[in-house]
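There are 2 protein chains.
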Amino acid sequence: MSAPLLDSLIDSLRCLPGVGAKSAQRMAYHLLERDRDGGRLLARQLEAAMARIGHCAQCRDFCEGERCAICTSGSRDDSQLCVVETPADRLAIEQATGYRGLYFVLQGRLSPLDGIGPRELGLDKLVARLAEGQVRELIIATNPTVEGEATAHLLAQIARAHAVRPSRIAHGVPLGGELEYIDRGTLSHAFGSRSEVTD
Amino acid sequence: MSAPLLDSLIDSLRCLPGVGAKSAQRMAYHLLERDRDGGRLLARQLEAAMARIGHCAQCRDFCEGERCAICTSGSRDDSQLCVVETPADRLAIEQATGYRGLYFVLQGRLSPLDGIGPRELGLDKLVARLAEGQVRELIIATNPTVEGEATAHLLAQIARAHAVRPSRIAHGVPLGGELEYIDRGTLSHAFGSRSEVTD
Numbered sequence: 001m002s003a004p005l006l007d008s009l010i011d012s013l014r015c016l017p018g019v020g021a022k023s024a025q026r027m028a029y030h031l032l033e034r035d036r037d038g039g040r041l042l043a044r045q046l047e048a049a050m051a052r053i054g055h056c057a058q059c060r061d062f063c064e065g066e067r068c069a070i071c072t073s074g075s076r077d078d079s080q081l082c083v084v085e086t087p088a089d090r091l092a093i094e095q096a097t098g099y100r101g102l103y104f105v106l107q108g109r110l111s112p113l114d115g116i117g118p119r120e121l122g123l124d125k126l127v128a129r130l131a132e133g134q135v136r137e138l139i140i141a142t143n144p145t146v147e148g149e150a151t152a153h154l155l156a157q158i159a160r161a162h163a164v165r166p167s168r169i170a171h172g173v174p175l176g177g178e179l180e181y182i183d184r185g186t187l188s189h190a191f192g193s194r195s196e197v198t199d
Numbered sequence: 200m201s202a203p204l205l206d207s208l209i210d211s212l213r214c215l216p217g218v219g220a221k222s223a224q225r226m227a228y229h230l231l232e233r234d235r236d237g238g239r240l241l242a243r244q245l246e247a248a249m250a251r252i253g254h255c256a257q258c259r260d261f262c263e264g265e266r267c268a269i270c271t272s273g274s275r276d277d278s279q280l281c282v283v284e285t286p287a288d289r290l291a292i293e294q295a296t297g298y299r300g301l302y303f304v305l306q307g308r309l310s311p312l313d314g315i316g317p318r319e320l321g322l323d324k325l326v327a328r329l330a331e332g333q334v335r336e337l338i339i340a341t342n343p344t345v346e347g348e349a350t351a352h353l354l355a356q357i358a359r360a361h362a363v364r365p366s367r368i369a370h371g372v373p374l375g376g377e378l379e380y381i382d383r384g385t386l387s388h389a390f391g392s393r394s395e396v397t398d
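Chain order of the listed sequences is A and B. Residue numbering for the first sequence follows our numbering, beginning at 1 and increasing consecutively. Residue numbering for the second sequence follows our numbering, beginning at 200 and increasing consecutively.
There could be a bad hint or two in this list.
[Unchecked claim] Below, simulated DMTMM-like cross-link-like pairs (lysine to aspartate or glutamate); rule was C-alpha separation at most 25 Å, straight line:
1. 22(A) with 276(B)
2. 221(B) with 77(A)
3. 22(A) with 236(B)
4. 221(B) with 132(A)
5. 221(B) with 85(A)
6. 22(A) with 246(B)
7. 221(B) with 94(A)
8. 125(A) with 64(A)
9. 22(A) with 263(B)
10. 22(A) with 210(B)
11. 125(A) with 232(B)
12. 125(A) with 246(B)
13. 221(B) with 64(A)
14. 221(B) with 47(A)
15. 221(B) with 234(B)
16. 221(B) with 78(A)
17. 324(B) with 276(B)
18. 324(B) with 33(A)
19. 221(B) with 11(A)
Hints were generated in silico from the structure; no laboratory data involved.
Work out the full structure, taking the sequences as your base and the hints as a guide.
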């Protein structure tokens, strides 16, 4: 109201996910009152990140240079390739599991209504990668949504066409979950996908 | 992990209030994936705001120039001066009430343990203002906390010393509140500050 610059800052902060008018105002006041250095640093980091972070030429994950640290690491197993929808999914798998293979990041999922087809997901790059013959297993870790399942289906077809074994991460009742409160779809899937108990 | 620039961006985003590691990561990925223009604009706005937003020479509120829009507006009543702790409090009063007087923003409250005394709150400036003789009523709108009350007490003393009438905004049961669920302190205060019902 009294300061157009302050109003524009509050407006701009709303581009952050989960930040509404009230939070944006609180953030702007906090930075101005107590952390101008932090605000300046954030401005510089944002500027640099938006300008210089691109995509890895091999796996399409975010990276600053030509190829990302995982793709250029000599210690990863290049016979396994895990396909995920987003860099955040890649990070989650990297943090939670002991997976030592490589990744391919779709940066989305098949969604014809939004104009996202195989080309937008870089599947031509994936096909070229599988054609090289190094990959033995394609681990499909797209989300268990309708679009994620459609994407998984297409990925499995592509894998089989190149004599690569496709696999899908397991879906079912989460650890610590209670059957009583699990949604029907998940429970039905978990029931149908039961595996034999061995000693 | 793979991109130092991405990690620094996530780190910097945590300077925002209420933003932890997970939200910061979500924000960084969101900007990189979907809103690089928004990110660039935010960087520019932050840079400009941190560098150019200062304090109004008269009321100490945030402002870009020498004096803020409210202080320079000719249409406000300069016989009333409302003292608040922060610019956010000033904005809240401006949005909720029809107050047409002027403001004085302490940018804090008395807190000797944190080294915040009368000098840090700009009380010398307030004293000079009251000495000018224009102000008839000093409306004290500090928060009803221990430190806010101590500040209010000092402000009232200063006002009386300059023959200015001090007033305090009312504290009590909020509109729509239920007596059963109000904290004891508020209820006791509301009971003690009861006013006569007139037709």
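Now for the hints, and whether the structure bears them out:
1. Between the alpha carbons of residue 22(A) and residue 276(B) the distance comes to roughly 29 Å, so the proposed pair goes past 25 Å and is violated.
2. A C-alpha spacing of about 29 Å is found between residue 221(B) and residue 77(A), which places the hinted pair above 25 Å, so the restraint is violated.
3. A distance of roughly 22 Å separates the Cα atoms of residue 22(A) and residue 236(B); the hinted pair therefore holds under the 25 Å criterion.
4. Between the alpha carbons of residue 221(B) and residue 132(A) the distance comes to roughly 37 Å, so the proposed pair goes past 25 Å and is violated.
5. For the hint linking residue 221(B) to residue 85(A), the alpha-carbon distance of about 18 Å falls within 25 Å, and the restraint holds.
6. Taking the CA atoms of residue 22(A) and residue 246(B), the gap is near 21 Å; set against the 25 Å cutoff, the hint holds.
7. About 15 Å separates the Cα atoms of residue 221(B) and residue 94(A), which keeps this hinted pair within 25 Å; it holds.
8. A distance of roughly 19 Å separates the Cα atoms of residue 125(A) and residue 64(A); the hinted pair therefore holds under the 25 Å criterion.
9. Straight-line distance between C-alpha atoms of residue 22(A) and residue 263(B) comes to about 22 Å, which keeps the hinted pair within the 25 Å bound.
10. With a C-alpha separation of about 23 Å, the suggested pair residue 22(A) and residue 210(B) falls inside the 25 Å cut-off, and the hint holds.
11. Taking the CA atoms of residue 125(A) and residue 232(B), the gap is near 19 Å; set against the 25 Å cutoff, the hint holds.
12. Of the pairs offered as hints, the one joining residue 125(A) and residue 246(B) is violated, with about 39 Å between alpha carbons and a cut-off of 25 Å exceeded.
13. A distance of roughly 22 Å separates the Cα atoms of residue 221(B) and residue 64(A); the hinted pair therefore holds under the 25 Å criterion.
14. The suggested pairing of residue 221(B) with residue 47(A) holds, with an alpha-carbon distance near 21 Å, which does not exceed 25 Å.
15. For the proposed pair residue 221(B) and residue 234(B), the alpha carbon gap of about 18 Å is at most 25 Å, so the pair holds.
16. As the CA atoms of residue 221(B) and residue 78(A) are separated by approximately 30 Å, the hinted pair breaks the 25 Å bound.
17. Simply put, residue 324(B) and residue 276(B) have alpha-carbon atoms about 19 Å apart, close enough for the 25 Å limit, and the pair holds.
18. Taken as a hint, the residue 324(B) and residue 33(A) pair is honoured in the structure, with Cα atoms around 19 Å apart against an allowance of 25 Å.
19. A threshold of 25 Å between alpha carbons decides the hint, and for residue 221(B) with residue 11(A) the separation of about 23 Å falls inside it, so the pair holds.
Checked against the numbered hints given earlier, this structure breaks hints 1, 2, 4, 12 and 16; the rest are met.
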